[in-house]
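Based on the hints, put chain H in the right spot on chain P.
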Amino acid sequence: MSETWIILGATSSMAKAFARAVSEQGHGVLLAGRDMDDLKRTAADCVAYGAQTGEAVKFDARKRETFAPIYKKAIREDGMINVAVFVGSMPPQDDIDADPSLIEGTVIDSFSGPATFLQGIAPEMEQRGGGCVVGVGSVAGDRGRIGNYVYGAAKAGFATYLSGLRNRLTRAGGHVVTVKPGFVDTGMTWGIEGMFLVATPEKVAADILKAVRKKKNVIYTPFFWRYIMLIIRSIPEFIFKKMSI
Amino acid sequence: MRWKTADYAGWGRVHTATGELARPERASALDALLSEAPAPAIGMCRSYGDTSLNDGGRVIDMTRMDRILGFDEATGIIEVEGGCQIGELARIFAPRGWLPAVMPGTGFATVGGCIANDVHGKNHHGIGSFGQHVVSLTLLNGTKKQVIGPKRNAGLFKATVGGLGQTGVIATAKLQMIPCKGDVMMVTERRIEGWDDFLEALDNSDATYSVGWIDATAKGDALGRGILEEGETGAGLIPKPKKSRSVPFNAPSFALSKPIVRLFNKMYYGRVPKFGRTSVKPISEFFFPLDAIRNWNRLYGKRGFHQFQCVVPIEQAGALREILEKITHSGMASPLAVVKRMGAGRAGYMSFPMEGYTLAVDFPNRAGAEALIHMLEEMALVADGRLYLAKDSLAKGARIKPMYREHTKYVDEVAKADPDGNFITDIIRRLDLRSTK
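Chains as they are written, first to last, in the numbering used here: chain P, 20 to 264; chain H, 2 to 438.
Isolated chain P, as found in the complex (with noise of 0.2 Å):
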């Protein structure tokens, strides 16, 4: 059966890798973010890929008045509801030491933002009795560094947020998948210095689909990050703190 895909940020290059994955599986698509142009383009890539249906809206992690049309849009069509959440913001800790207001956008973009929507569309996924989100977080959440600990610190939040979703959408047939992907080939990472075992975004596509068929409740994407941030996790604190990774 046709299920519906709640896409938010969908202007991201993950995104618009898991886009065409779900859209060559017969999904309808409804991609959600700011850049209007950009999403419109991506709705007729989805649509030609075989997308049921392929519809671009107006989403804004600031802006709560954004929320409302896209859940009446996805409520329109029938079968499950699945949202996948891609959004967040990582400015550089140096901006925000220099200016500590960035922190409350940063803070909702990747992770209140996003949850308040969650939260709103929940009671019609329970009701739908199941449907499935993907909540992007990042291996940054894992342990507070000195070079993205703001960023990091949401992520933290976003991803505590979605293990309390599962525990509550679990008991009506749905399903939650946490997904920390390691570095990833975007915009974001061209460039910058420093990158390793880099993925493609089709890459991290294919394996969050694959868990969200087999119901995983936490992947690392590539999978060998969960050995990196083991290892990472595992540093007692007392040398952490001295560390610069």
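No lab work stands behind these hints: they were computed from the structure.
A few of these clues could be false.
Derived, one-sided and incomplete: chain P residues facing chain H with beta-carbon distance under 7 Å [unchecked claim]: (1) 32; (2) 64; (3) 204; (4) 206; (5) 209; (6) 210.
Per label pair, the in silico range of CB-to-CB distance [to be verified]: (7) 75/H with 21/P: 34 to 40 Å; (8) 191/P with 143/H: 51 to 57 Å; (9) 279/H with 251/P: 16 to 22 Å.
Even glycine gets a Cβ: it sits at the ideal position worked out from N, Cα and C.
Just chain H, lined up with the frame of chain P:
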């Protein structure tokens, strides 16, 4: 937009470049780049030489601008972004009964690249070149955004198709696709015993798709022996293509030494039964046989390789035979040697095709290869033929310009479109293609 400093290379890996790359993911970002810092566009860098290189300068990597923007099921017209890959279009649309009208030998080529090189495929004798199926395209140049086509700003269009990116960046294109019966190929392979038989077989073939593989090590009576492949699309069920494999590292130079190439060619020839055979293959296997091995260019080792491809008019078939003789006697050819009958179809001032026969041969980049290829260039020139710029990595402008009769028109259009030389790339500098001198 952030710029990344990187080393990159043409497919033959003889030419390399170091420079800054921007990789826009949205139309707005691409527009901004063109108005702030215009630079030539590159795609998957499948051209063999230096058409996609700008050493010491900047380039715009178009590979993330790869969306399908519209498809009209009634007419088969598709609109795509410039970085969209041909193989992907074939994969998506063949099961629905449509194929890109022209497909080059690699599915990784982008639509922008196919236009800028006016590529041809195994059906050129019947349907012409890629540019002849471009309905219109959007060209970005500074803050200018122009929609051009064969009848809309025709001069600029002819300088853009086959024009090596010198008129601006191809942001989107509308292409006329052709109907196909499905996503499998009925392929007939036949042994051909010698050169004259080969040309005759090509002339007499009425297949939609045809291509000849030549054993470029066979001499004497066997000169020009090989296998003729003819294909038609069809409907049917066959296993999905095998997963692609990759060449993990540079092969040592003996991998393509004389005895090994001779042995390989002998086996490749013998693989097809004496009386030929017809088989059913996935579409990608017929059109893009080498794409199944990612990074196959590493087989030539770290010094890379050259491809020589020329076309000569029909009445100069004898000259092409002499070219092949020269190649077989040199003993330097790799197993990759291809002959094809071409039609007259071409869409740009600098388009490669002409009615006649084309021969393409790969040479590992070794001592002697350069001198041999220069000799072959001269032979092609004398035979009123021309070299394919998408493959060339060694020629000099003085030899190339006389081969392209409409070169002066190209120079005029390009001078108008890009007076500041924002889109100049390495091949333009090497061949001095923007001057008529």
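Results for each hint:
{"no.": "1", "hint": "32", "in the structure": "6 Å, holds"}
{"no.": "2", "hint": "64", "in the structure": "4 Å, holds"}
{"no.": "3", "hint": "204", "in the structure": "9 Å, violated"}
{"no.": "4", "hint": "206", "in the structure": "5 Å, holds"}
{"no.": "5", "hint": "209", "in the structure": "6 Å, holds"}
{"no.": "6", "hint": "210", "in the structure": "3 Å, holds"}
{"no.": "7", "hint": "75/H with 21/P: 34 to 40 Å", "in the structure": "25 Å, violated"}
{"no.": "8", "hint": "191/P with 143/H: 51 to 57 Å", "in the structure": "56 Å, holds"}
{"no.": "9", "hint": "279/H with 251/P: 16 to 22 Å", "in the structure": "59 Å, violated"}
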